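Counted from 1, the sequence shown has number 9 at position 9 by our numbering; the numbering is strictly sequential.
Hints listed in this document are in silico derivations from the structure and should not be mistaken for laboratory results.
As the structure is a computational prediction, the values presented were derived from the model and not from experiment.
Note that the Cβ used here is the ideal one computed from N, Cα and C, for glycine as well.
One should not assume that every hint holds.
To be verified - In silico lysine-lysine, DSSO-like type, Cα no more than 27 Å apart, as pairs:
id, residue 1, residue 2
1, 134, 113
2, 113, 103
3, 134, 103
4, 134, 54
5, 105, 134
6, 113, 54
Claimed, not checked - With beta-carbon atoms standing in for the labels, derived distance ranges:
id, residue 1, residue 2, range
7, 30, 156, 31 to 37 Å
8, 93, 52, 22 to 28 Å
9, 30, 96, 21 to 27 Å
10, 67, 156, 17 to 23 Å
11, 149, 46, 20 to 26 Å
12, 91, 46, 35 to 41 Å
13, 43, 118, 19 to 25 Å
14, 55, 101, 30 to 36 Å
15, 146, 169, 38 to 44 Å
16, 118, 149, 14 to 20 Å
17, 91, 52, 29 to 35 Å
18, 120, 66, 18 to 24 Å
19, 54, 82, 28 to 34 Å
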Amino acid sequence: MRRSAVRTRVIPCLMLLLMVSASADASQVRNAELGYALTLPEGFTDFPAARSQKDVVDAWSETAPASANGALVLLVARMHGVLPREALRQEDVPANTQVVGFKWKGFDVSGLKTLTTQAGQPVFVLVAQVPLRKEAVQLSVAGPADQEARGQSIMEATLASLEGETNWLTSAERSGRLGRAAGLWIGIAVALIAVLAWRKRRAQSA
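Start from the sequences and build out the full structure, keeping to the hints where you can.
Laid out in structure tokens, this is it:
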């Protein structure tokens with residue numbers, strides 16, 4: 001009887017662990033082609049219709065919108081190239097768009113914020129450009145203008161969860177490369193000086 005009681009307690013516990021594990025796995029998104037993974041914000045679900053848009057590779061929307069004006073939408077779009085370290089300039093974007101900055105893995109990455117209207121309703125669009133090694137992507141959050149603060153928080157949290165190799169070097173890596181380059185040039189200079197000294201001594205002894 002005691003063994004049976006233990007088993008009846010263990011089985012529900014195992015089922016609960018499996019359910020929690022499955023829920024956790026469902027919130028993890030991976031894209032092997034572009035080489036990134038991210039944690040999907042709570043309350044977001046797959047949004048297949050948005051993938052019909054050009055270059056959109058992943059899309060999700062809120063299942064229960066917090067605003068009566070509509071749901072927030074989260075998109076990942078490919079950029080067909082890698083990003084340079086130079087930040088976007090305000091003069092390079094449309095007048096109704098503002099250049100903003102975001103943090104990703106310790107890097108300052110360029111972003112955009114647009115306030116516009118859709119079907120007569122004011123909406124916001126936030127975009128962050130992520131410098132992945134294989135190909136840069138744009139992470140976008142958009143929705144009703146009254147949800148802009150939530151959209152900002154969702155963008156920051158999603159960026160914080162986004163993993164992937166980058167073609168950018170950290171400050172430490174850049175310093176290391178500069179140090180190695182300087183060491184190489186110093187070594188070449190020393191070698192040249194040694195050759196010149198040897199030639200001079202040989203000429204004097206001749």
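Results of checking the hints against the structure:
Our distance criterion of 27 Å between C-alpha atoms is met by residue 134 and residue 113, whose separation comes to about 25 Å. Simply put, residue 113 and residue 103 have alpha-carbon atoms about 15 Å apart, close enough for the 27 Å limit, and the pair holds. Restraint check for residue 134 and residue 103: the C-alpha separation of about 20 Å stays at or below 27 Å, so the hint holds. Taking the CA atoms of residue 134 and residue 54, the gap is near 19 Å; set against the 27 Å cutoff, the hint holds.
Note on residue 105 and residue 134: the hinted pairing holds, with a Cα-Cα distance of about 17 Å set against a maximum of 27 Å. For a cut-off of 27 Å, the pair hint linking residue 113 to residue 54 stands: about 20 Å separates their Cα positions. Take residue 30 and residue 156: their Cβ atoms lie about 21 Å apart, and the range 31 to 37 Å is violated. Between residue 93 and residue 52 the beta carbons are some 26 Å apart, a value that agrees with the proposed interval 22 to 28 Å.
Distance hint check for residue 30 and residue 96: the Cβ-Cβ separation is about 35 Å, which falls outside the suggested range of 21 to 27 Å. Between residue 67 and residue 156 the Cβ separation comes to about 19 Å, which falls inside the hinted range of 17 to 23 Å. The hinted range of 20 to 26 Å is satisfied by residue 149 and residue 46, whose Cβ atoms lie roughly 25 Å apart. Separation of residue 91 from residue 46 is about 38 Å and conforms to the stated range, judged on CB atoms against 35 to 41 Å.
The beta-carbon spacing between residue 43 and residue 118, approximately 21 Å, falls within the hinted interval of 19 to 25 Å. For the pair residue 55 and residue 101, the supplied restraint of 30 to 36 Å is violated, since their beta-carbon distance comes to about 23 Å. Judged by the Cβ atoms, the range 38 to 44 Å given for residue 146 and residue 169 holds: they are separated by roughly 40 Å. Between residue 118 and residue 149 the Cβ separation comes to about 19 Å, which falls inside the hinted range of 14 to 20 Å.
The supplied range of 29 to 35 Å is met by residue 91 and residue 52, whose beta-carbon atoms lie about 33 Å from each other. For residue 120 paired with residue 66, a C-beta distance near 20 Å keeps the hint of 18 to 24 Å intact. Range check, residue 54 to residue 82: Cβ separation about 19 Å, and the 28 to 34 Å hint is violated.
Against the hints set out earlier in the document, violations occur for numbers 7, 9, 14 and 19.
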